[in-house]
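Sequences and hints are given; from them, build the entire structure.
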Amino acid sequence: MYEPEEWGLFINSSKRSSKAVLLHNGNRYASVPVGDSVHLIEYHENLEFINKLSYSDHKWTICDSRDRKQHYVKKTWPIRKALIPGVKNVERQSLVDPKIFFPPLHIKLGLMKQFVKALDKEGECFKYLCEQFPGLSDAKLKEGIFVGPDIRKLLKDETFVTKMEMKEKNAWNSFQLVVTGFLGNKKDPNYKALVAELLQNYKILGCNTSVKVHFLHSHLEYFPENLGAVSEEQGERFHQDIKEMVRRYQGRWNVNMMADYCWMLKQENSQEHSRKSTKRNFDGKRKRVYKNL
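Residue numbers for the sequence shown follow numbering that gives the first Met the number 0, so the first one is 0 and each next one is one higher.
No wet-lab data here; the hints were simulated from the structure.
You may find that some hints are simply not true.
Stated by the list, open to error - Pairs of lysine-lysine, DSS-like flavour, derived with a Cα cap of 27 angstroms: (1) K242 to K202; (2) K168 to K116; (3) K139 to K162; (4) K162 to K112; (5) K152 to K141; (6) K112 to K155; (7) K120 to K139; (8) K155 to K186.
As the list claims (entries may be wrong) - Quick list of the computed label-pair ranges, beta carbon to beta carbon: (9) S217 to R27: 27 to 35 angstroms; (10) K166 to M244: 38 to 46 angstroms; (11) R151 to A192: 21 to 29 angstroms; (12) R151 to M244: 21 to 29 angstroms; (13) H213 to K126: 15 to 23 angstroms; (14) E5 to K202: 33 to 41 angstroms; (15) E4 to K202: 36 to 44 angstroms; (16) K120 to N172: 16 to 24 angstroms; (17) D119 to S53: 48 to 56 angstroms; (18) S136 to K202: 40 to 48 angstroms; (19) I144 to R246: 31 to 39 angstroms; (20) E123 to D149: 15 to 23 angstroms; (21) R247 to V31: 18 to 26 angstroms; (22) K202 to E157: 49 to 57 angstroms.
As the structure is a computational prediction, the values presented were derived from the model and not from experiment.
The beta-carbon is built from N, C-alpha and C at its ideal position, and this holds for glycine as well.
Below you can see the structure in the form of structure tokens.
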């Protein structure tokens, strides 16, 4: 049975296209593409297409500071009573209600980005990163632009730690503990101490407090109990898959592209079936012939 509160709306917009897909919280069901355009780029007016999806009826949860002297110092920030266009940095009227999941995957990517940006670009650690990812441009490497599989590769790489200095190693070890003990399916009972240690080591390393780091610093109590169930990693898989489809169709919009994506979707089915097929494959026939000989 369809329950709107069990689904989240993932919007993937860039300078070239806009796409929207529904993701099930818990990843029990396959993603459902609901919008695709190679003409509507990332502008406020273009994002109003969510009204075409009857968002006001469904109200899905949406997956989506410059005062450096106060970074890691000021934890409690005043809450705005209203978002008024033209006041401070609010430019336009909000399109949706403020009901948004903190994105675990993008927080992980943000933590990785700040870690890499704080590395000594002439140090052994950064040089090792360049050797491990020769396909990434110098600009992406210096800015710490990595994707999920890249981070998983580094988390498993035991040599990577040996290239670090002590403060880099402390920050990296804290990052690993937060990824496994807070941003995944299982939350460590001591997760608050893990996050506090991460913030302290990031401060020592010289990392900036981006909005992703700010979430951990000032809004830890707003995270759901099981971050793995509401993670936008399924949305990131959609992003990677649809990017391949766009490449195959050479950036031209075609209704067949979304059909190809839907055919590509695969979901694991743990149900066991006792019935056996009456048809035999080629290998089975070949073994039977050899046995008779």
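Do the hints match the structure? See the list:
1. K242 to K202: Status violated; Cα separation ~36 angstroms.
2. K168 to K116: holds (15 angstroms)
3. K139 to K162: holds (20 angstroms)
4. K162 to K112: holds (18 angstroms)
5. K152 to K141: Since the Cα atoms of K152 and K141 sit roughly 18 angstroms apart, the hinted pair holds (cutoff 27 angstroms).
6. K112 to K155: holds (18 angstroms)
7. K120 to K139: Satisfied, since the Cα-Cα distance of roughly 13 angstroms is no more than 27 angstroms.
8. K155 to K186: holds (20 angstroms)
9. S217 to R27: 27 to 35 angstroms: holds (32 angstroms)
10. K166 to M244: 38 to 46 angstroms: holds (43 angstroms)
11. R151 to A192: 21 to 29 angstroms: holds (24 angstroms)
12. R151 to M244: 21 to 29 angstroms: About 23 angstroms separates the Cβ atoms of R151 and M244, which means 21 to 29 angstroms holds.
13. H213 to K126: 15 to 23 angstroms: violated (30 angstroms)
14. E5 to K202: 33 to 41 angstroms: holds (38 angstroms)
15. E4 to K202: 36 to 44 angstroms: Given range 36 to 44 angstroms: holds, Cβ gap about 38 angstroms.
16. K120 to N172: 16 to 24 angstroms: holds (22 angstroms)
17. D119 to S53: 48 to 56 angstroms: The hint (48 to 56 angstroms, Cβ to Cβ) holds, given that D119 and S53 are roughly 52 angstroms apart.
18. S136 to K202: 40 to 48 angstroms: Given about 29 angstroms between the Cβ atoms, the range is violated.
19. I144 to R246: 31 to 39 angstroms: violated (19 angstroms)
20. E123 to D149: 15 to 23 angstroms: With Cβ atoms ~19 angstroms apart, the hint holds.
21. R247 to V31: 18 to 26 angstroms: Because 21 angstroms falls inside the window, the suggested range holds.
22. K202 to E157: 49 to 57 angstroms: For K202 and E157 the Cβ distance comes to about 26 angstroms; the hint is violated.
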